[in-house]
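Chains as they are written, first to last, in my numbering: chain U, 1 to 324; chain G, 1 to 434.
Don't read these hints as lab results, they were simulated from the structure. Backbone N, C-alpha and C fix where the C-beta goes; we use that ideal spot for every residue, glycine too. Check the hints yourself; a few may be wrong.
[Stated by the list, open to error] Listed below are several chain G residues computed to face chain U (Cβ distance under 8 Å; list not exhaustive): (1) Gly77; (2) Lys98; (3) Gly100; (4) Val109; (5) Leu119; (6) Val191; (7) Glu196; (8) His327; (9) Ala350; (10) Gln352; (11) Val353.
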Amino acid sequence: MAPVTMLEGIRQAIFEEMDRDPAVVALGEDIGVYGGAFKVTEGLLAKFGPERVIDAPIAETAIVGAACGMSYLGLRPVVEMQFIDFIACCFNQVTNFVAKSHYRWGAPVPMVLRGPSGGGVHGGPFHSANPEMYFVHTPGLKVVYPSTAHDAKGLLKSAIRDNNPVLFFEHKFLYRRIKEELPEGEFTEPLGKAAVRREGRDLTIISYAAMMYPALEAAEELAKDGIEAEVIDLRTLLPLDRETIINSVKKTNKLLIVHEDTRTGGIAGEIAALVCEGAFEDLDGPIARVTALDTPTPYSPPLEEYFLPNASKIVAAARELARY
Amino acid sequence: MNHPLTREQQLDLYYYMQLNRQLEDRMVRLFRQNKIVGGLYSSLGQEAISVGTAYALEKRDWLAPMIRNIGALLVKGFKPRDIFTQHMAKYTSPTLGKDGTSHFGDLKVRHTVSPISMLGDLIPVMTGVAMAGRYLGQKIVTLTWIGDGGSSTGAFHEGLILAAQQRAALVLVLENNQWAYSTPVARQSPVRDLAERARGYGIQSRIVDGNDVLAVYDTTKGAVEEARAGRGPVLIEVKTMRMKGHAQHDPAEYVPKEMFEYWKARDPLTLFEKYLAENKIWDGKTKSEIDARIERELDVEQKFAEESPLPPPELAAQGVYCEEGCHTITADWQRSTKELTPPHCSVEAAWQVEGYGDLDKAAGIAKPASATGGNGAKSLKPVAKPPVKAAAKPLAKAPVKTEAAEPAAPRVPFGRGPKDKAFRRASQDKAGRR
């Protein structure tokens with residue numbers, strides 16, 4: 001099999017799940033004839049028809065609300081946010097209607113809300129967001145943020161089959177920049193399980209999505225100095241894979257967390273608290289973090305570069321931590 | 001009346017309206033005894049709307065109540081104990097004490113979606129239920145309510161835009177009870193009849209006296225038929241009056257006394273009782289029998305609620321997610337899934353656009369026959385303003401009028417169901433293609 005992009009992995013997941021189950025339908029803006037702003041749904045309308053691939057007006061609250069209503073009748077809607085930034089427009093519908101439904105009155109909402117997220121593509125303040133933590137802070141949702149084509153496909157298939165609302169973040173920087181061969185035939189990846197991307201003994205670097213690549217690059221750089229970093233890809237942010245995190249920290253005794261999301265209230269804080277609760281005695285140094293600045297995502301390339309984490313910032317922080 | 005009711009059905013309407021009122025009356029007493037732990041919202045004076053609209057639905061249809069639609073829940077088959085226990089936060093309540101008031105539902109039997117406190121969000125959700133119903137071939141209609149206040153929300157407008165575009169089988173009942181908490185309707189919107197908004201979405205609308213249960217039923221029944229026939233959503237504005245404050249804590253001193261007096265004289269139960277007597281549909285004996293039955297039922301239901309335990313504290317941690325084995329999610333297919341499976345569902349994915357969006361043929365743009373610019377190009381003149389109507393008179397009498405069915409919504413070709421011809425079926429006559 002030829003290597004495919006992450007975007008192609010996502011496409012395959014949607015096509016295969018719609019093929020497998022007529023209860024799976026797709027909704028979003030420009031997803032039909034046009035095939036989606038990033039062409040993720042290209043060919044979907046031709047294959048599955050307008051009853052299953054619904055071009056909606058620019059009304060995010062209505063789209064998410066309708067998907068919720070459809071799920072009450074046993075359908076499994078896959079909703080595209082044209083850019084994940086626009087999820088802010090339907091925040092109430094997601095956090096109050098969808099997320100609380102099962103807890104409040106036992107009505108499951110098996111829907112997926114997916115969309116392109118993240119920076120590094122000069123999208124500016126409204127097309128670069130990483131809004132995952134609003135939703136990680138919302139009980140009732142699951143939040144997935146893959147970094148590889150394989151995971152994107154396997155996790156999206158699991159998300160569509162899950163009985164809970166899943167927010168599926170697709171890093172647009174990775175859409176066409178990474179490629180890998182996918183296994184032939186059916187496969188899924190479980191939600192809620194992190195992956196160890198690189199084994200190491202000296203410190204643990206935890207990251208996810210696009211930041212996995214600078215994190216792995218930094219680990220190679222550190223290896224030249226004899227510092228062996230273990231690199232963990234969270235893959236799912238809610239629920240967090242506490243076990244993998246704690247086990248790694250118990251092994252390496254040092255923890256560096258890297259995320260593209262802004263610093264304050266980012267998931268690094270939550271992971272630091274988890275580690276303090278579960279492996280405080282095992283820590284040999286302070287928990288460190290490399291994150292984006294606490295600002296909106298700026299547009300101009302030098303500003304955005306300054307704003308985002310990168311391999312050299314990670315190396316510097318890791319060296320500092322390794323001194324303990 | 002276009003949809004006549006039998007004697008039994010009319011007595012049913014009375015039963016539910018009176019049950020609604022007596023139940024809420026008891027809850028006011030429970031509230032004063034501190035047995036209702038949260039807020040209590042009254043639907044006094046609005047019972048005809050909850051009961052009359054819900055009564056127009058069939059068993060398979062779906063509804064989603066607002067906070068003042070206790071009566072609709074009773075019609076849909078919920079028991080007074082469900083309402084009592086919800087308000088009293090008991091373990092025996094439909095939500096096990098996790099939520100209160102009318103915030104509960106039932107997906108399987110009573111086809112009721114639980115509301116949330118944020119207004120308007122139910123409209124897109126019930127649009128989605130209608131879309132799914134059509135997709136599954138169920139021929140259902142969905143109905144929900146919104147207040148005059150809630151009709152200002154973005155979700156209201158987005159929901160109606162989607163419902164109109166999808167021609168969803170949705171009936172939206174806009175309960176204009178004249179007060180959004182403390183703000184009168186005239187201070188919310190310069191539009192006198194909120195039903196006028198329907199025109200902007202290209203959907204049908206009706207206006208009806210919300211204190212006349214038969215008119216409410218009749219109008220809703222007609223709207224439900226329209227929606228079920230695939231003619232798109234219908235907005236019904238019901239004119240009524242909120243006879244209490246926003247909730248129990250609110251004495252509503254901002255409402256002019258005369259306004260309460262005017263509407264008290266139009267109390268929906270009093271009016272209906274008078275109608276039943278004048279038309280000899282019942283006598284004093286029947287009334288007292290029904291009233292006694294309600295008392296007996298409510299005694300039992302209230303006792304059950306009062307004797308019910310509060311939930312165990314650790315329940316708070318449970319049920320956030322639908323875990324393994326918690327629910328089996330299946331759809332009730334009433335059509336063959338074959339139609340929705342490739343290649344049967346496949347289409348030629350290209351827009352079939354009628355006209356070219358040109359202004360010459362577009363309706364509603366005023367242009368005199370000789371309107372050409374100096375260079376020979378056609379010039380457009382702004383749309384002539386319609387004459388301004390005289391300022392709306394105060395609501396001297398709740399009007400009852402039914403607008404003629406408006407022309408169907410402009411064709412927007414997607415997701416409209418099996419009859420959608422906007423896309424060519426791929427399997428059809430390939431030779432005939434361009």
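Right, here's what the structure says about each hint:
| no. | hint | in the structure |
| --- | --- | --- |
| 1 | Gly77 | violated, 16 Å |
| 2 | Lys98 | holds, 6 Å |
| 3 | Gly100 | violated, 10 Å |
| 4 | Val109 | violated, 13 Å |
| 5 | Leu119 | violated, 10 Å |
| 6 | Val191 | violated, 21 Å |
| 7 | Glu196 | violated, 21 Å |
| 8 | His327 | holds, 5 Å |
| 9 | Ala350 | holds, 6 Å |
| 10 | Gln352 | violated, 10 Å |
| 11 | Val353 | violated, 10 Å |
Violated hints for the displayed structure, listed by number in ascending order: 1, 3, 4, 5, 6, 7, 10 and 11.
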